[in-house]
Each structure stands twice: as structure tokens, then as C-alpha cells.
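K.L.:
These are the residues of each chain, in order.
2 protein chains.
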Amino acid sequence: MNAQAQAYKEKYDQAFSMEKFFNPSSVVVIGASNAPFNLGATICKVLTEDIDYPGQVYAVNRSGENVFGAQGMRTLDDIPEPVDLAVMITPAFVVAEFVRKCGEKGIRNIIIESSGFSEQGAEGRILQKDVNDAAHLYRIRIIGPNGLGIMDNYSRFCSMYGSSHLAPLAVRHPGFVSYVVQSGGIAGLIVERLMEDVSGINKIVSLGNKTDLDEADFIDYFDTDRTKVIALYLEGVDDGRKLMQAVRRTKKPVLVYKSGKSEAGSAAIVSHTAGMAQNDAVFDGACRQAGMIRLKTPEELCVLPKIFTEMPLLSGKRIAVFTNSGGVGTIGADMLEETPLVMAPFSEETKAKLKKLPGVFNASNPVDIGPAPPEIYLAIYNILLEAEEVDGILNMVNIWRDYVIDVMEALIKLCRKHRKPASLYAFSALERLRVLQLEKGLPLFGTAEDAVRALVVSHQQFCYLIKKETV
Amino acid sequence: MNAQAQAYKEKYDQAFSMEKFFNPSSVVVIGASNAPFNLGATICKVLTEDIDYPGQVYAVNRSGENVFGAQGMRTLDDIPEPVDLAVMITPAFVVAEFVRKCGEKGIRNIIIESSGFSEQGAEGRILQKDVNDAAHLYRIRIIGPNGLGIMDNYSRFCSMYGSSHLAPLAVRHPGFVSYVVQSGGIAGLIVERLMEDVSGINKIVSLGNKTDLDEADFIDYFDTDRTKVIALYLEGVDDGRKLMQAVRRTKKPVLVYKSGKSEAGSAAIVSHTAGMAQNDAVFDGACRQAGMIRLKTPEELCVLPKIFTEMPLLSGKRIAVFTNSGGVGTIGADMLEETPLVMAPFSEETKAKLKKLPGVFNASNPVDIGPAPPEIYLAIYNILLEAEEVDGILNMVNIWRDYVIDVMEALIKLCRKHRKPASLYAFSALERLRVLQLEKGLPLFGTAEDAVRALVVSHQQFCYLIKKETV
Numbered sequence: 001m002n003a004q005a006q007a008y009k010e011k012y013d014q015a016f017s018m019e020k021f022f023n024p025s026s027v028v029v030i031g032a033s034n035a036p037f038n039l040g041a042t043i044c045k046v047l048t049e050d051i052d053y054p055g056q057v058y059a060v061n062r063s064g065e066n067v068f069g070a071q072g073m074r075t076l077d078d079i080p081e082p083v084d085l086a087v088m089i090t091p092a093f094v095v096a097e098f099v100r101k102c103g104e105k106g107i108r109n110i111i112i113e114s115s116g117f118s119e120q121g122a123e124g125r126i127l128q129k130d131v132n133d134a135a136h137l138y139r140i141r142i143i144g145p146n147g148l149g150i151m152d153n154y155s156r157f158c159s160m161y162g163s164s165h166l167a168p169l170a171v172r173h174p175g176f177v178s179y180v181v182q183s184g185g186i187a188g189l190i191v192e193r194l195m196e197d198v199s200g201i202n203k204i205v206s207l208g209n210k211t212d213l214d215e216a217d218f219i220d221y222f223d224t225d226r227t228k229v230i231a232l233y234l235e236g237v238d239d240g241r242k243l244m245q246a247v248r249r250t251k252k253p254v255l256v257y258k259s260g261k262s263e264a265g266s267a268a269i270v271s272h273t274a275g276m277a278q279n280d281a282v283f284d285g286a287c288r289q290a291g292m293i294r295l296k297t298p299e300e301l302c303v304l305p306k307i308f309t310e311m312p313l314l315s316g317k318r319i320a321v322f323t324n325s326g327g328v329g330t331i332g333a334d335m336l337e338e339t340p341l342v343m344a345p346f347s348e349e350t351k352a353k354l355k356k357l358p359g360v361f362n363a364s365n366p367v368d369i370g371p372a373p374p375e376i377y378l379a380i381y382n383i384l385l386e387a388e389e390v391d392g393i394l395n396m397v398n399i400w401r402d403y404v405i406d407v408m409e410a411l412i413k414l415c416r417k418h419r420k421p422a423s424l425y426a427f428s429a430l431e432r433l434r435v436l437q438l439e440k441g442l443p444l445f446g447t448a449e450d451a452v453r454a455l456v457v458s459h460q461q462f463c464y465l466i467k468k469e470t471v
Numbered sequence: 001m002n003a004q005a006q007a008y009k010e011k012y013d014q015a016f017s018m019e020k021f022f023n024p025s026s027v028v029v030i031g032a033s034n035a036p037f038n039l040g041a042t043i044c045k046v047l048t049e050d051i052d053y054p055g056q057v058y059a060v061n062r063s064g065e066n067v068f069g070a071q072g073m074r075t076l077d078d079i080p081e082p083v084d085l086a087v088m089i090t091p092a093f094v095v096a097e098f099v100r101k102c103g104e105k106g107i108r109n110i111i112i113e114s115s116g117f118s119e120q121g122a123e124g125r126i127l128q129k130d131v132n133d134a135a136h137l138y139r140i141r142i143i144g145p146n147g148l149g150i151m152d153n154y155s156r157f158c159s160m161y162g163s164s165h166l167a168p169l170a171v172r173h174p175g176f177v178s179y180v181v182q183s184g185g186i187a188g189l190i191v192e193r194l195m196e197d198v199s200g201i202n203k204i205v206s207l208g209n210k211t212d213l214d215e216a217d218f219i220d221y222f223d224t225d226r227t228k229v230i231a232l233y234l235e236g237v238d239d240g241r242k243l244m245q246a247v248r249r250t251k252k253p254v255l256v257y258k259s260g261k262s263e264a265g266s267a268a269i270v271s272h273t274a275g276m277a278q279n280d281a282v283f284d285g286a287c288r289q290a291g292m293i294r295l296k297t298p299e300e301l302c303v304l305p306k307i308f309t310e311m312p313l314l315s316g317k318r319i320a321v322f323t324n325s326g327g328v329g330t331i332g333a334d335m336l337e338e339t340p341l342v343m344a345p346f347s348e349e350t351k352a353k354l355k356k357l358p359g360v361f362n363a364s365n366p367v368d369i370g371p372a373p374p375e376i377y378l379a380i381y382n383i384l385l386e387a388e389e390v391d392g393i394l395n396m397v398n399i400w401r402d403y404v405i406d407v408m409e410a411l412i413k414l415c416r417k418h419r420k421p422a423s424l425y426a427f428s429a430l431e432r433l434r435v436l437q438l439e440k441g442l443p444l445f446g447t448a449e450d451a452v453r454a455l456v457v458s459h460q461q462f463c464y465l466i467k468k469e470t471v
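Read top to bottom, the protein sequences are chains R and P. Under our numbering, the first residue of the first sequence is numbered 1, with each subsequent residue one higher. Under our numbering, the first residue of the second sequence is numbered 1, with each subsequent residue one higher.
Any given hint could turn out to be false.
Partial chain R-side listing against chain P, Cβ under 7 Å, derived [as the list claims (entries may be wrong)]:
id : residue
1  : E192
2  : L295
3  : T309
4  : P312
5  : G316
6  : E449
Some chain R residues judged to face chain P by a derived CB distance under 7 Å, without partners named [as the list claims (entries may be wrong)]:
id : residue
7  : P54
8  : G55
9  : L189
10 : T330
To be clear, the hints were calculated from the coordinates, so they are not data collected in a lab. Glycine is no exception: its CB is placed at the ideal position from the N, C-alpha and C atoms.
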């Protein structure tokens, strides 16, 4: 370290804090300008125009010009105050130099969005090593390179370039699910999918090449904040032991979709974010050992969290299927058979109670009713939730009258009271429910398959928790 | 036959014709009245108020009262003209007598929607046999009992009770997919799911207990009309040989979802539509032999037809994955690996052509591009479709600019020209695309999984066709 660096360091030595990534009181976007197609400009726009980020935004560029509402500066030194976070979106070859300058300025949190590092071969790997060395010197922590950084719907901070359309939608619907993704495209996918879903997003972090901070660091962090569900989209795992230890430490559900299972997929990843696809079976076993729920499709990252945020965990395998449209109960029974869950065998007492109700076509499992008033629905829900032999309900309904929506709302309350979950699937009035689900807080699944999967993962988490608590 | 019946028979003997179920010039709803909760009344309402059915509607009830726009009659004999079709929704025990009266009136087409037949045990089976005997005597053909009959979006005819909300939506969006379902709830599910989909419905028939006409009869019928895809939701198959022979006869794709695979599901079906669940593996083998595409979920009945109505068949297994968002290409590669399809290995020539284009990050498969203008997309699509080693495209795009929608429209045309299909998956602008897909004729899939499945079933149909043509 030269003497000048030492001087700056002493003057501005700020400690790194994870919090400054998500809730910085000031941020500088290095490389943002008014040149056409400048990506940094889109970040300045999001922060100063689209989502009312309450902190101070600076832009560093050659001419020191303002970019949207961001105050323009020629150099970091020109910024009159300490800065919590730097976001870099410059050509790769100048990044390391800017990291050093950030260090001198006292910045300890950097998001590097530039590409051109280890994902682009030998030359890029050298550049990435330069970045690491510079960061190490100043005890700087890095997200990226080649990632989009952060979206935080409570602090209203977003570092993701090109998110002018998405970020405003996301901050309007904050929630309790936090996401770790590698590539930015996936973050966009998540925001869009959850727009009308009952689960909203707390935070998203897009990691890119993970030259420093990785998924394990963010699992630990999300274990400490308002997050209720941690969801990971991984393209590769560099330090499996670290990941699994972080998973073991948290009692929040951790869901993971891992791509790059196939050979072709792995090849695509190497060129894309420089991850290394691991042996898939090994990863699968590690997930089960550590207590991480492995997902089958990327969409499940968006669809499944609501069973955790809105419903008690499923503490046993025995499911009662309920429907007001006979054929559909069969779908539920069939789908359950392909899972570790089972159709609850009803006791004679339960059957007798159901038979007494008018309109009940089938008093065994699946329960099937004809046209019946709301009281009958509620009576059935109560009988099922009180039955010792039923651990949860798969509710598959036709919204043939509006009150079927109301009884679903009542069912949610009953579930919380009885500490047993119901998985809700409606197969009519879809357009109306799409709007209503958020207003009424209905954790609705779009397909019977998803509704069944939700029960499966809920029980999986229950078992993992038991294991974590006893170990 | 008594002398009177003989006399009526001679006077009114009309021939049965399948066409009269779908496009009757007159219909009588037997059992429709203005009593509260009368189901027949909902049929009269749909026909005379909701969908502008152009034919004459009569209602037969004790007081001979009009029901909505249906002209009330005390008996069938009071109707002053011959009637093409009778729809019955009376208590089960009077149905056989009404069938006889229909016979005397010269009606040869009857839809029986009443329940209380073989699905309800021994007594019901006797009633159903009475119905069959009566029908046999007059050479009447029956849909049902315990089914909802017909919806035809071109003739604007619908016999389904309780469809006041759905039928108007369906007739507004006629198309080329025809459905055979057993229970009516499934028909509702299909109409709702397809409301904004590029494939519309031609006809739906809900079979119920299938005491006479069954799925095979309707496959034969749909083979003769404007239907492009035949889709079946079956709860049980009574005559497997008849079904498979009908499948073998048609060159239109036949998709089937069969429920009742599980023991619990089968039990539910017996009480629901009196079907018998068959050994699942036997059914699976029969499908493959006859050339019927077996679906994994009921939703696939709605999602998959568009790959047949909008795209050429996939004549080989080699797929090129294209994305403008790196991580997403990996998902495609991974998902293809779990199917019989493969990632197309690009020739050096194809790679060289792709490498020449600016903005191409990865010139091998999956092709991955960065921010690029529409010309580049089109150039890539042309290179891929012209490549001898590519049989089809999996297009996975982020709608980061509106022109990505336009290039998808162009891609569809290119596909038709090159006789190779593309499966379209977009993971942003979902809300906008939901509306646009119909307007622009985009066969868009809602998940990457569905997009991949579409290619799989397209190739399956290609292979079935080859087999059907060579046998």
C-alpha cells in the first residue's frame, strides 16, 4: 500500500456491512453516463425516477455529467461525503483500478455488473484476479462481477440495470421471500411471476461470477432479517460445504433450483457465469442431508413459497382431498399417489359426520359435494381438520358461486387454528381470482400439480426441521 | 312395440345423425322450469340469452311455462314441429319414460344430464338399463347419462347446465381443438384455460356414464369436421379396442389425459361416473401402439394443442435452444436432457455463421445473445432453421424491448416456410403477452417445461403419423 492509500484508508475507513448492500444511504454508479445504450444510466433512472429510493445517488463518468437524478462527478474523490456502496458498470479492464479507488474512498461494498471476467476465458480470469487482489487489500466485499446485484423492496433500493419496468412493480408488492440468483434474467422472471401472487419479494440478489460473496453468505444474511422463505437459483456451486453449512444453520425453508444438470447445460453455464456444474446426484444427496428443498422447475421458485408464508407446515403424510366437482377429486387422488403423501383413510366417525351433511356425494376420500351452501363447505372443512387421521387438505374447487371464494378465506383461518395446511386449487373464475388472490390473501396454486407439490415440500420442510432440531 | 308407438314411429321416423347433437335446428329441454335452482332453466338461459343460439328452444315441464326464451310445453306431443335433439334433466326414475316419448316424437338424439344412474349403485344400474332398452327400441343414440353434453362454438349451441358464464366466453373464441371429457367440471376448466390462448375450442362433448356413445364415436366424428386436434380427458375406458381402432383411423393428433391411475382415484371415479379404471401400464402400451399421445397433467390438454395448430410437426430430435438471457438457455438444455430430444450439435459452418453476427455471446448450442437489434434475431433464426442439423427451435426470450415480440411473429412465418417448429417461451412482459398472444397469434407457452413438452409431443405425433402411413 502506498502512503497515499494508507492516508485515505485511515481517513475513510468504513467497516464492511452486509446491510449496506441492501439499504445504502448513498450509492455511486461508476460508469453511468448519458451516452446512448449506457447501462449505468438505467440504474440511475430506476433509483432516482422509478422507485423513489430515498438515499443519495452519484454517477461517475468522464465529463462529470448528471445522469437522470444522479449527481455527476468526474472522480470518486469529488464526492463530498462518504459513500456506502459502489455499483460498477464499466469495461472490465478498468474495474480493478476503480476497486482500488473505492478502497481509498472508504467504500467497502461493491457490486460489479461489468462482464468480461472469468466467464470469458483466460484473459478474463486474470482481470478477475486483479479485482480480487484490490478488494482484498481494502477489505472490500464484492457481489459479482457479471451479476446485477440487489433489489430490496422495503428499502426501495435496486442496482439492477434495465429494470425500469420491473423494479416499480416489485416495490409495490413487498413480501417475505428472498431470492439468490446468479443471472439477472432470472430475477426479472421472478418479479413478473410474483406480481399478483400472494407471496411478495423481500430481497433479490443476483450473484454473477461469485468472485467473493456467494449464496451461502446470503443464506446467513437472510436468516437474520424479515425473510420467511429463502429461494436459490443456482447455476453452479463452488463451495458445497460452505453452502450446506449455511443451510443447516437456518430454520427458514431453503428452496433451490439448480440448473446445469445436463452436459449441454453445463457447457452453457461455463460460458455464461463461469460456474462449474457439479455431479447432480451428489448435489441431490447433499441437499437432503443439509435440509434444502430441491425444486423441479424454475417456476417452482415463485409458485411454492406461499405454502410456507401463508400456511402451517404439513406435519404428516395423510391428505384429505375435497372437491365440488367429482372428476377433479380423481385428479388429486392420482397426483398424490405419485408423491410420498397418501390419501387419508377416513375413520368411520369422520365418514359418519360427513354423511350427515346434505349435498355430500362421496363421504370417503376424495370428498365430493354437489351444489351446496357455504355452511356445508365450512362444516366439511371443520370435520376434516378436526379428524385425527387428516394432516392436511387438498382443496380443488370450481368457483360456481362467489361464496366459494369466501369459504376459501375462512378455510385459511381454520387451517391456522388447527395448525394443518390446505393447498388451494381453483379451476374456474381464473381471471377474477388472479386479481383477488392478492387482495384476499389467498395462497392459490395455478395447477393441481403445483397444489400437490406445495404439500409435498411443506412436509419435506417439516421433516427437515425435526432433523435440524434434534441434531 | 304397441300399436300407438308404431304409428308415431312411422309418422315421425327421423334418422339419427351425429350432426344433430352439435348443430340441432331445434332442441327441447325436458325438465326445465322456473322453480328455484332448476338446472334445466340454466340451459334455456344459455341458449336463448347468452350465446344467440339460432335454433328453436322448447322447455317441457308440468305447467307448460316458458323458461327464459324457451317456449313452454306440457308434453312433447304439444310441440308443433319435429325436434332434432332432446336434453333431459329430470329425476332419474322418469328418464326412461321420456326416452320412449322422444322416440314416439321421432327424436333420435338425446343428451341425458340427470344423475342417479349406474354411478349410484345397483338401483341406478337398473334405471340405466331401462333407458338403454327404450333407446334401442327407437334407434335413439344417447350422450350420458350424468354428462353435460355439447358445446359447439361455431353453431353456437351449448347444452351444458350452469354454463351461463362460460359459454359466452367460449363462443367468442372458436378454434380447432375438440374435446371429449367425462365430467362437466373439466369442460369448464378447459374453457377458462383457453380464453386467452391462441388455440380455441371447436367442440366439447361431456360424456358422463357413456351408456351409449363413447369417446371412440366422437374421435371418428371429429376426424370428419374442422377439428385439427382431438383431446380426451378420460376417467375410464370400457371398450379399449374400439377406442384404439378409432385412434388408428385418424391422422389428427389425439391427446389423452387419463385419470384414475391410482387406487384412490379409481374408487373416486366409480362413485362419480361409473367408469372402471384400467391397468395403467396396459393403457400406456395401447396408446403407444395405436398412436395416441398420453399427457402428464390435465392442464396439458389446454396448453399443448397450439404446437399442432400453429406449427409444423417436429420431424427429428435435434433442437437448437436460443435465448437472449444466458441463464435461461441452461434451463432449456437441462430440460431437453430429460426428454427423448437432444441438443442439436452445431456444424462448424453453422457456428461460423453465428460467430460473424455482432452480439452473439455463445455461437454453439444454446445460442445466447446480448443486447442486439431485431435483424440479428432474424439472422440467427434463419441460420438455425436452414441448418441441416437442426430440426426445431426452443426460443426462450426476455421481452426487454417490444421488438422481441415482433421477431417472434416473424419466427412463426419462418418456421412455416422451413417446415420446422419453434416452441416459444417468454419470461417477461407476461401480462402484456397474455393479451397479445391471441391478437398476434403467438403460440406461447407459460413455462419452459411446457415449451419443451410441446416439442416432445410434436415429435411423437410425427412418429405416429409415419407409423400410421406405413402400416
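K.L.:
When the hints from earlier in the document are held up against this structure, which numbers fail?
P.N.:
As far as the earlier hints go, 2, 3, 4, 5, 7, 8 are violated by this structure, in ascending order.
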